[in-house]
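Starting from the known structure of chain G, fit chain B onto it as the hints suggest.
Number of protein chains: 2
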Amino acid sequence: MSKKHNFSAGPCILPLDVLKKASEAVLNFNNDNLSLIEISHRSKPFVEVMEKAVGLVKELLEVPKGYSVLFLQGGASLEFLMVPLNLMKEKGGKAAYTNTGVWAKKSITEAKNSGEVFVVGDSSDKNYNYIPKGYNIPEDVDYFHCTSNNTIFGTQIKKFPKVPSLMVCDMSSDIFSRKIEVSKFDLIYAGAQKNMGPAGTTLVIIKDEILGNTGRNIPTMLNYNTHISKNSMFNTPPVFAIYVSMLTLQWLKDHGGVEWIEELNNQKAELLYNEIDRNPLFKGIAEKEDRSNMNVTFTLTDSSKEHLFNQLWENAGISGLKGHRSVGGYRASMYNALRLESVNALVNVMKNLEKKLR
Amino acid sequence: MSKKHNFSAGPCILPLDVLKKASEAVLNFNNDNLSLIEISHRSKPFVEVMEKAVGLVKELLEVPKGYSVLFLQGGASLEFLMVPLNLMKEKGGKAAYTNTGVWAKKSITEAKNSGEVFVVGDSSDKNYNYIPKGYNIPEDVDYFHCTSNNTIFGTQIKKFPKVPSLMVCDMSSDIFSRKIEVSKFDLIYAGAQKNMGPAGTTLVIIKDEILGNTGRNIPTMLNYNTHISKNSMFNTPPVFAIYVSMLTLQWLKDHGGVEWIEELNNQKAELLYNEIDRNPLFKGIAEKEDRSNMNVTFTLTDSSKEHLFNQLWENAGISGLKGHRSVGGYRASMYNALRLESVNALVNVMKNLEKKLR
Numbered sequence: 001m002s003k004k005h006n007f008s009a010g011p012c013i014l015p016l017d018v019l020k021k022a023s024e025a026v027l028n029f030n031n032d033n034l035s036l037i038e039i040s041h042r043s044k045p046f047v048e049v050m051e052k053a054v055g056l057v058k059e060l061l062e063v064p065k066g067y068s069v070l071f072l073q074g075g076a077s078l079e080f081l082m083v084p085l086n087l088m089k090e091k092g093g094k095a096a097y098t099n100t101g102v103w104a105k106k107s108i109t110e111a112k113n114s115g116e117v118f119v120v121g122d123s124s125d126k127n128y129n130y131i132p133k134g135y136n137i138p139e140d141v142d143y144f145h146c147t148s149n150n151t152i153f154g155t156q157i158k159k160f161p162k163v164p165s166l167m168v169c170d171m172s173s174d175i176f177s178r179k180i181e182v183s184k185f186d187l188i189y190a191g192a193q194k195n196m197g198p199a200g201t202t203l204v205i206i207k208d209e210i211l212g213n214t215g216r217n218i219p220t221m222l223n224y225n226t227h228i229s230k231n232s233m234f235n236t237p238p239v240f241a242i243y244v245s246m247l248t249l250q251w252l253k254d255h256g257g258v259e260w261i262e263e264l265n266n267q268k269a270e271l272l273y274n275e276i277d278r279n280p281l282f283k284g285i286a287e288k289e290d291r292s293n294m295n296v297t298f299t300l301t302d303s304s305k306e307h308l309f310n311q312l313w314e315n316a317g318i319s320g321l322k323g324h325r326s327v328g329g330y331r332a333s334m335y336n337a338l339r340l341e342s343v344n345a346l347v348n349v350m351k352n353l354e355k356k357l358r
Numbered sequence: 001m002s003k004k005h006n007f008s009a010g011p012c013i014l015p016l017d018v019l020k021k022a023s024e025a026v027l028n029f030n031n032d033n034l035s036l037i038e039i040s041h042r043s044k045p046f047v048e049v050m051e052k053a054v055g056l057v058k059e060l061l062e063v064p065k066g067y068s069v070l071f072l073q074g075g076a077s078l079e080f081l082m083v084p085l086n087l088m089k090e091k092g093g094k095a096a097y098t099n100t101g102v103w104a105k106k107s108i109t110e111a112k113n114s115g116e117v118f119v120v121g122d123s124s125d126k127n128y129n130y131i132p133k134g135y136n137i138p139e140d141v142d143y144f145h146c147t148s149n150n151t152i153f154g155t156q157i158k159k160f161p162k163v164p165s166l167m168v169c170d171m172s173s174d175i176f177s178r179k180i181e182v183s184k185f186d187l188i189y190a191g192a193q194k195n196m197g198p199a200g201t202t203l204v205i206i207k208d209e210i211l212g213n214t215g216r217n218i219p220t221m222l223n224y225n226t227h228i229s230k231n232s233m234f235n236t237p238p239v240f241a242i243y244v245s246m247l248t249l250q251w252l253k254d255h256g257g258v259e260w261i262e263e264l265n266n267q268k269a270e271l272l273y274n275e276i277d278r279n280p281l282f283k284g285i286a287e288k289e290d291r292s293n294m295n296v297t298f299t300l301t302d303s304s305k306e307h308l309f310n311q312l313w314e315n316a317g318i319s320g321l322k323g324h325r326s327v328g329g330y331r332a333s334m335y336n337a338l339r340l341e342s343v344n345a346l347v348n349v350m351k352n353l354e355k356k357l358r
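If you read the sequences in order, they're chains G and B.
If you count the first sequence from 1, position 15 lands on 15 in our numbering, and the numbers rise without skipping.
If you count the second sequence from 1, position 312 lands on 312 in our numbering, and the numbers rise without skipping.
Think of the hints as simulated: they come from the structure by calculation, not from any bench.
Bear in mind the structure is a predicted one, so any value in this text is a computation, not a measurement.
Be aware that a few hints might be false.
If chains are identical, the list can't say which one is meant, so a pair holds when it fits in one copy or spans any two.
Below, computed lysine-lysine pairings styled on DSS-like, alpha-carbon distance capped at 27 Å [to be verified]: (1) Lys162 to Lys133; (2) Lys322 to Lys52; (3) Lys322 to Lys44; (4) Lys126 to Lys288; (5) Lys162 to Lys179; (6) Lys112 to Lys230; (7) Lys4 to Lys351; (8) Lys305 to Lys44; (9) Lys4 to Lys21; (10) Lys44 to Lys106; (11) Lys44 to Lys3; (12) Lys162 to Lys288; (13) Lys162 to Lys207.
So that you can see chain G by itself, here it is in the shape it has in the complex (with noise of 0.2 Å):
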């Protein structure tokens, strides 16, 4: 099967060897005759797939002792609303955000309706171009909260700021793509259609220790201890999304972990946005040293010149080019699973483009 250069934002591109087993599974799972998807979750087969899900997730991000690994459903979204019920306590609970983009700014509006939150770090005055830097967390917050990589906007935390209260970070767009160390987070939680797997299910790592405290009576579903209690089977989970997210983590723990698709997506950036800075056609959106390696936002320089680029990046077979709609031009998204080839196709247009005009 050709397969496009798939830049799509999320849900987007995965290995082609995890499409082809997923794909397998759903007819016929394990040998058994019967498909992935109408077994009983709690059968066996099911519930080694899960364990080896939690089992990656720790030996790929060297997950410390006293941490829980989750698989929960309802997207960061949900999770919007259960770090504030689950840190902030019920009387006097406060919390530190940053609002770096769309989705930090909605983990702040439902995190308001639990308690009083300072926005301590904002980057909206100029259309969430920069990572805020420098800010003063007020020492008595519950819990500081930030996202890790803005989606839309193209931006990305290169160093985490030391936080004087727990640390809880949204890395839905870039988990698994850099080394982080787990053991400076307290919550991390992402939702998996990016660089895990389908869109359906959303992976929380929590340190126990950190839960329990606040005075509130926590609806069941959304208590993170119901979940790690019953290890992510409180309720059937998202079989589906579960699996494929394993075989994702297992097609990156064969191809060398971590630090070797930190390294690949290093070199990818470096090779589209050197391109953006050199040719005279196009100029990246984010602040340089705020860039991010998953998401590049670029627009031309001339916008009489779109429909012929269109063109030329839709004949390479390039898809998912287009930008968000609240920041325009274009985003290339380059999750692990696109490959260097499908970056250096797209840098060729853009090189063409130059010809052409010239």
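What follows is chain B alone, placed relative to chain G:
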């Protein structure tokens, strides 16, 4: 591919044609050389899937005007929370529930955190082997809640009560198995993983006008209006689970719809219950008048024959027959996709056991 006779309680059997199409879409969806699970949920091909799925629900169940159809996440367990948050008044909220099994009990636990709950019917005295009837529902409750089919215990409501309030029903394990009059309900919800599709999405059918009357500040993701206003695309939906649900609903429509399947389900149930009642080696667990057409619970009259019986049905290619731990014995789940020939295979095994022991 030779298929097993899959009597699993859920996730459970799906039509083979659906599995084939789903498997293909994971590799190449819409003949576009992209996988279903690596395209944007906002792309035209997936928006069409969502619209088609919603349209099929409306058509198959003859949903009247004024109702919305949603595909959410979190399973029925999250609905246990969303129902009281969306329907129970913040001040002096009251609701009536029936306690007919494990899931009903969980829904009651969750509702109690939001207001006063009257358990108006309760079959826990006989390990839930019957459906309570003739109970009184207080006139002033905000809503009445029942579970149409109790998967674990094998009981099913044959005639829904007349209620003086809003009518809410958890139909997770029998939706699309028989004709229902949607206009008699104000809110219906159902986890997909029985008659509708794979685990990972929850169907909600809701009368729009009942929302917004509680005085509560409902968290964004738990507010039905959030999802109604965004056509179930407030955040990334569980793409694969919705696609396979759409395929399954299309399969149902192509074969003759709910009327056709109800007739077939009646035949399957009659065949198996007749054998249970005829064969002196077996005994049904649920009260006859409340027997479920979806989940048939039964035991051996002589438990020393268990080993032989298990051998016989395993040799016949039957799977998923073990009863739930809280009931024991056997449970034959006969969801829509289970064919009459599978029930025949089971009945033949039961007859064979009788012959062997004669």
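Inset, instruction - Could you check the structure against the hints above and give me the numbers of any it violates, in ascending order? - result: none
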